[in-house]
Amino acid sequence: MLLVTAGCGPTKPPPLGIDDAARALDAARNAGAATYAPLELRNAEERLSQARATADKHDYAAAQQFADEARVNSELAAVKARLGKAREKVEARTRENAQLRQDLANNPATATETSQP
Amino acid sequence: MTRAAHWVALGLLAAGAVTAAHAAKHDLDYERLRASLNELEADPVLGNLAPAERALAEQAVQALANDSGGKQMRAYRLYMAERRVDIAYAAAQAADQEHRLEALDHEHDRMLVEASRRDAEQARLEAEKQRIQSLAQAEEAERLRAEAEAARAQSEQDAQAAEAARAQAAQTKRIADAQAKEAELARKEAELAEAAAADLRGRLQNLRPTRGAEGMQMTLDDIAFAPGQAALRPEAKASLGKLVGFVNQDRSKPIRIEGHTDSRGNPNANQLLSQKRADSVRDALIAAGVAPSRITSIGMGASRPVASNDSEEGRAKNRRVDVILEDH
Chain V
1 MLLVTAGCGP
11 TKPPPLGIDD
21 AARALDAARN
31 AGAATYAPLE
41 LRNAEERLSQ
51 ARATADKHDY
61 AAAQQFADEA
71 RVNSELAAVK
81 ARLGKAREKV
91 EARTRENAQL
101 RQDLANNPAT
111 ATETSQP
Chain B
118 MTRAAHWVAL
128 GLLAAGAVTA
138 AHAAKHDLDY
148 ERLRASLNEL
158 EADPVLGNLA
168 PAERALAEQA
178 VQALANDSGG
188 KQMRAYRLYM
198 AERRVDIAYA
208 AAQAADQEHR
218 LEALDHEHDR
228 MLVEASRRDA
238 EQARLEAEKQ
248 RIQSLAQAEE
258 AERLRAEAEA
268 ARAQSEQDAQ
278 AAEAARAQAA
288 QTKRIADAQA
298 KEAELARKEA
308 ELAEAAAADL
318 RGRLQNLRPT
328 RGAEGMQMTL
338 DDIAFAPGQA
348 ALRPEAKASL
358 GKLVGFVNQD
368 RSKPIRIEGH
378 TDSRGNPNAN
388 QLLSQKRADS
398 VRDALIAAGV
408 APSRITSIGM
418 GASRPVASND
428 SEEGRAKNRR
438 VDVILEDH
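Residue numbers (this note's numbering), protein chains in the order written: chain V, 1 to 117; chain B, 118 to 445.
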């Protein structure tokens, strides 16, 4: 509906999605995007401020597009942060498990001994 | 996100399927993103993950087919579709990593459980080892105690054995001493007996005929007899040659054999003993071939002493047997 009305001009009152985009940006920051996805985070910030700027100029169609673009950038930043964290955890856990496996291999207490009286 | 999906879906509905298919013909961006999504969906691991993000990406890519709204709308749609495809990839990769992490966590837990099981087993083995060691120590102590006890008993036994051996040796020595003494006594007795026999033989050999009131006679003194006995000693019997020669020098003469005793003891007994001794000499002469018809043997008792009965020497002379070769 919005896409359809966007072409009709900047006269309608704006449920532009700027607030949603701002919340998405907060969520991305909280997810650690500054560390794991700084480029996407910056894109999101730029798009959000452009959305606000164009909304101030009553160019609602452009504002809405900027808000959408800000939100997907925030979403992308958040999911990349999630991916980066998961990768780090996998690496750490892999090292820990390797160490544990080695410790167990070096400890010769085996199940066969338990059957001895 | 659901709202975004809504918008894309609504956009697609508005654009219509015919225009979408038409616009996609020569759209390189669309084909690039389409291929990228297809690759993601075909990925054996990622293709099954993040379905919601993939659906959103799918819708965003389909929205590219809508060429309404001019160039700027086109750039907006492309931008959104690219980000959506990126999000679909990243979400699928994140889910994959999270699945791996879950598996690693499970493995981690299993190994921790195994490690603690081994620790417990190790502790159990250690405790068992210590129990066995202390058992072995107790057994060793008991063994040493038993050895000490055995050694003590053995030394006691050895002492007893030594004492017994000593006593046995003393006993053996006593027996040997007694046997030696006995042998010595026997030897002395034998010597004495031999001396007595030699003495007797000597006396019998040295018998000399003397003249008596009734004719020539020989006198056997009492050592020819055992004390109180009537039988001649065996040695005396063997040495009667002189006596036999004496009585046979004249075989026409009768032989009178008189037994005498000393005056001690019962007169009847003395008479009887003197008679028996006279008979013994008679029997010996007969055995030596002297004719019995010539011989008379008489017991005289103590009635005819030849010496005083007051002294041992006199009494010894009185105990005698006279063998008389009678003149008539």
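Bear in mind the hints are in silico, worked out from the structure with no lab data behind them.
Source: prediction; values computed, not measured.
Treat the hints loosely; a few may be bogus.
Claimed, not checked - Facing chain V, a subset of chain B residues (Cβ under 7 Å, in silico):
#	residue
1	R235
2	A237
3	M335
To be verified - In silico SDA-like pairs for lysine to any residue, Cα to Cα no more than 20 Å straight-line:
#	chain 1	residue 1	chain 2	residue 2
4	B	K434	B	Q392
5	V	K89	B	Q392
6	V	K85	B	D213
7	V	K89	B	E215
8	V	K85	V	R95
Stated by the list, open to error - Pair ranges (Cβ atoms, derived):
#	chain 1	residue 1	chain 2	residue 2	range
9	B	S185	V	R101	23 to 31 Å
10	B	E156	V	A105	37 to 45 Å
11	B	E238	V	A27	45 to 53 Å
12	B	R241	V	A27	49 to 57 Å
13	B	E243	V	A27	48 to 56 Å
14	V	R101	B	A152	34 to 42 Å
15	V	A27	B	A232	37 to 45 Å
16	B	Q250	V	K89	40 to 48 Å
17	V	A34	B	S185	35 to 43 Å
Backbone N, C-alpha and C fix where the C-beta goes; we use that ideal spot for every residue, glycine too.
Do the hints match the structure? See the list:
1. The beta carbon of R235 (chain B) is positioned within 7 Å of a beta carbon in chain V (closest approach about 4 Å), and the interface hint is therefore held.
2. Hint on A237 (chain B) is violated. Least Cβ distance to chain V is approximately 9 Å, over the 7 Å limit.
3. Proximity of M335 (chain B) to chain V is violated relative to the hint, the smallest CB-CB distance being about 114 Å (cut-off 7 Å).
4. Distance hint between K434 (chain B) and Q392 (chain B) is fulfilled; the C-alpha atoms sit about 17 Å from each other, no more than 20 Å.
5. Simply put, K89 (chain V) and Q392 (chain B) have alpha-carbon atoms about 152 Å apart, too far for the 20 Å limit, and the pair is violated.
6. Distance check on the hinted pair: K85 (chain V) and D213 (chain B) sit about 12 Å apart at the alpha-carbon level, within 20 Å; holds.
7. Taken as a hint, the K89 (chain V) and E215 (chain B) pair is honoured in the structure, with Cα atoms around 9 Å apart against an allowance of 20 Å.
8. Taken as a hint, the K85 (chain V) and R95 (chain V) pair is honoured in the structure, with Cα atoms around 15 Å apart against an allowance of 20 Å.
9. At about 60 Å, the CB distance of S185 (chain B) to R101 (chain V) disagrees with the hint of 23 to 31 Å.
10. At about 40 Å, the CB distance of E156 (chain B) to A105 (chain V) agrees with the hint of 37 to 45 Å.
11. Against the hinted window of 45 to 53 Å, the Cβ-Cβ separation of E238 (chain B) and A27 (chain V) comes to about 49 Å, which satisfies the hint.
12. Between R241 (chain B) and A27 (chain V) the Cβ separation comes to about 52 Å, which falls inside the hinted range of 49 to 57 Å.
13. For E243 (chain B) and A27 (chain V), the hinted distance range of 48 to 56 Å is satisfied, since their beta carbons lie about 54 Å from each other.
14. Evaluation of the 34 to 42 Å hint for R101 (chain V) and A152 (chain B) yields a pass: the beta carbon distance comes to about 41 Å.
15. A hinted range of 37 to 45 Å for the beta carbons of A27 (chain V) and A232 (chain B) is consistent with their spacing of about 39 Å.
16. Remark: the range hint 40 to 48 Å for Q250 (chain B) to K89 (chain V) is upheld by a beta-carbon distance near 46 Å.
17. Taking the beta carbon of each, A34 (chain V) and S185 (chain B) are about 38 Å apart, inside 35 to 43 Å as hinted.
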